[in-house]
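Each chain, letter by letter, is given below.
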Amino acid sequence: MTEHVGDLLPEYVLDLLDEEERRQVEDHLSSCADCSSRAAETEDTAGKLPLALRPIDPPPALRSRVMAAAAQTSEHPSRAAVQTPPPPIQLRPRPRSWTGPRVMALVAAAAVILFVVGVSLGRELQRPKTSAMASYRQLVGTSVLHGDRIRSFPTGSVGAHVALAVSPHGASSLIVGPTRPAGAQRVYQLWFIHGRRPPVSAGIFLGGSVAHRMSLARSVSGFQTAAVTVEPGPRGSRQPTTKPILATSVAHL
Amino acid sequence: MSLHVPVRSPSPCHLLIPYSEGSPLARDWSDDQRLIGEFQQGNEAALESVYDRYATLAYTLARTILADSQAAEDVVQEAFLSAWRNSERFDPARSSLRSWLMTIVRRRCFDRLRGMSVRPQLDPEADVAEGAGSSDVWREVEDALTAQHVRSALAQLPIEQRQTIEFAYYGGLSQTEIAERMQVPLGTVKGRIRIGFDKLRGLLANLELDALG
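Taken in order, these protein sequences are the chains called A and H.
Quick note, the first sequence lines up with residues 1 to 253 if you use our numbering.
Quick note, the second sequence lines up with residues 1 to 213 if you use our numbering.
Rather than coming from a laboratory, the hints here were simulated on the basis of the structure.
One thing to keep in mind: the hints can contain errors.
Claimed, not checked - So the derived list for chain H, only partly shown, Cβ under 7 angstroms to chain A, looks like this:
{"#": "1", "residue": "Leu47"}
{"#": "2", "residue": "Phe90"}
{"#": "3", "residue": "Arg98"}
{"#": "4", "residue": "Asp111"}
{"#": "5", "residue": "Arg201"}
Claimed, not checked - The calculated EDC-like cross-link candidates involving lysine to aspartate or glutamate, where the alpha carbons are at most 20 angstroms apart (straight line), are:
{"#": "6", "chain 1": "H", "residue 1": "Lys190", "chain 2": "A", "residue 2": "Asp57"}
{"#": "7", "chain 1": "H", "residue 1": "Lys199", "chain 2": "A", "residue 2": "Asp7"}
{"#": "8", "chain 1": "H", "residue 1": "Lys190", "chain 2": "H", "residue 2": "Glu160"}
{"#": "9", "chain 1": "H", "residue 1": "Lys190", "chain 2": "A", "residue 2": "Glu20"}
{"#": "10", "chain 1": "H", "residue 1": "Lys199", "chain 2": "A", "residue 2": "Glu41"}
{"#": "11", "chain 1": "H", "residue 1": "Lys190", "chain 2": "A", "residue 2": "Glu3"}
{"#": "12", "chain 1": "H", "residue 1": "Lys190", "chain 2": "A", "residue 2": "Asp15"}
{"#": "13", "chain 1": "H", "residue 1": "Lys190", "chain 2": "A", "residue 2": "Asp18"}
{"#": "14", "chain 1": "H", "residue 1": "Lys199", "chain 2": "H", "residue 2": "Glu166"}
{"#": "15", "chain 1": "H", "residue 1": "Lys190", "chain 2": "H", "residue 2": "Glu180"}
{"#": "16", "chain 1": "H", "residue 1": "Lys190", "chain 2": "H", "residue 2": "Glu166"}
{"#": "17", "chain 1": "H", "residue 1": "Lys190", "chain 2": "A", "residue 2": "Glu21"}
{"#": "18", "chain 1": "H", "residue 1": "Lys199", "chain 2": "H", "residue 2": "Glu160"}
{"#": "19", "chain 1": "H", "residue 1": "Lys190", "chain 2": "A", "residue 2": "Glu19"}
{"#": "20", "chain 1": "H", "residue 1": "Lys199", "chain 2": "A", "residue 2": "Asp18"}
{"#": "21", "chain 1": "H", "residue 1": "Lys190", "chain 2": "A", "residue 2": "Asp7"}
Claimed, not checked - Here are some, though not all, of the chain H residues that point toward chain A, as calculated from beta-carbon distances under 8 angstroms:
{"#": "22", "residue": "Ala55"}
{"#": "23", "residue": "Arg63"}
{"#": "24", "residue": "Val76"}
{"#": "25", "residue": "Gln77"}
{"#": "26", "residue": "Arg194"}
Positions of the beta carbon are idealized from the N, C-alpha and C atoms, including for glycine.
With these hints in hand, go ahead and build the complete structure from the sequences.
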């Protein structure tokens with residue numbers, strides 16, 4: 001057995017050793033029960049250090065994002081429970097009043113604004129033919145020009161392009177870009193969540209390749225989180241029956 | 001391991017981490033062993049429980065190191081998913097679940113800082129939000145006692161030992177960088193870390209934190 005490594009353990013658990021020293025310590029730990037036990041104690045000591053910090057709660061949406069990502073990678077995804085579907089909340093298509101030559105000027109202006117919010121329009125604007133993605137960005141851009149506040153969902157593994165928009169008057173809309181279809185007999189269902197209270201359904205929508213904008217019958221105001229699940233179609237569920245595939249914070253929207 | 005974090009101006013007498021006098025972070029519960037078993041079997045509900053127990057601690061640590069709420073969220077998400085996907089690597093005989101998770105969070109923070117060529121920020125007071133929420137009064141009392149013990153143990157260390165450990169743990173500095181910043185020989189840094197950690201280990205051993213969870 002090599003020489004005991006007790007003196008090196010604090011540096012070991014703090015990642016302060018170089019590769020050679022680390023390898024020597026790990027070689028020894030694999031064959032020395034005493035040092036291995038002491039290494040466990042030392043590692044535990046390090047792990048207790050942040051207990052003394054002033055705690056900062058993570059945003060509630062982070063939990064949804066972690067669980068959504070886990071559900072997508074788990075080999076044992078949760079299975080949906082069948083519930084009595086509620087009456088659907090109607091999502092009314094919103095007339096598009098921004099058409100014709102004016103669109104190009106607005107889109108150009110929107111590109112500047114969207115750059116600020118992290119959305120790049122550059123390549124899309126150069127395309128002679130409007131794609132579904134460009135239409136989506138155009139919808140978002142015109143919404144910004146209307147003075148709406150925008151919160152985009154992360155695209156997630158379903159490749160969704162979905163954004164919430166809140167008008168200066170407080171009306172909430174959902175802008176849906178190209179999104180993988182929810183599947184046979186399935187719909188996407190939008191939920192608003194406040195703390196640990198049960199999620200509130202805000203409407204259902206279908207995926208697809210056509211960008212569109214829908215007015216929500218329920219305002220996002222007062223909620224902390226918005227999430228999207230896949231639910232049985234065509235009417236959705238009373239409460240979520242699957243893990244969220246998309247989630248975002250709406251606390252300050 | 002050298003993390004090549006840029007050295008800030010030396011301030012040997014500056015206390016880096018102002019610890020909380022308020023709500024603590026301890027999140028250890030008595031059914032950890034059962035939870036670990038389910039976590040390692042790929043139970044999503046177990047991941048949810050692990051997140052609920054340790055997310056505040058993980059986020060606090062990430063915010064302390066990164067001083068950036070969005071980056072801290074990313075790191076915490078990556079850390080929990082990494083732990084989830086690699087749960088078979090966790091050895092309960094070698095460390096607690098909390099220590100294992102905090103090691104993952106800490107390393108990912110420094111990986112991120114290295115990738116961004118950004119120095120760690122060591123001013124957790126600057127951006128502190130609300131305290132940890134808990135609806136369990138008894139757990140709040142238990143947590144308060146645990147955190148109080150940890151802070152008490154840290155306070156019993158000579159300031160130079162405590163500060164050296166903080167530079168290494170929260171700042172991700174190499175021992176050479178710590179020596180430069182504190183303007184002391186490298187051997188002094190090594191000694192402070194070893195002696196300081198031994199004292200901490202002895203002080204905390206009596207707390208039986210793991211017996212609480």
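Do the hints match the structure? See the list:
no.	hint	result
1	Leu47	holds, 5 angstroms
2	Phe90	violated, 12 angstroms
3	Arg98	holds, 5 angstroms
4	Asp111	violated, 11 angstroms
5	Arg201	holds, 5 angstroms
6	H/Lys190 / A/Asp57	violated, 34 angstroms
7	H/Lys199 / A/Asp7	holds, 13 angstroms
8	H/Lys190 / H/Glu160	holds, 12 angstroms
9	H/Lys190 / A/Glu20	holds, 17 angstroms
10	H/Lys199 / A/Glu41	holds, 12 angstroms
11	H/Lys190 / A/Glu3	holds, 19 angstroms
12	H/Lys190 / A/Asp15	holds, 13 angstroms
13	H/Lys190 / A/Asp18	holds, 13 angstroms
14	H/Lys199 / H/Glu166	holds, 15 angstroms
15	H/Lys190 / H/Glu180	holds, 13 angstroms
16	H/Lys190 / H/Glu166	holds, 13 angstroms
17	H/Lys190 / A/Glu21	holds, 14 angstroms
18	H/Lys199 / H/Glu160	holds, 13 angstroms
19	H/Lys190 / A/Glu19	holds, 17 angstroms
20	H/Lys199 / A/Asp18	violated, 24 angstroms
21	H/Lys190 / A/Asp7	holds, 10 angstroms
22	Ala55	holds, 5 angstroms
23	Arg63	holds, 5 angstroms
24	Val76	holds, 6 angstroms
25	Gln77	holds, 5 angstroms
26	Arg194	holds, 5 angstroms
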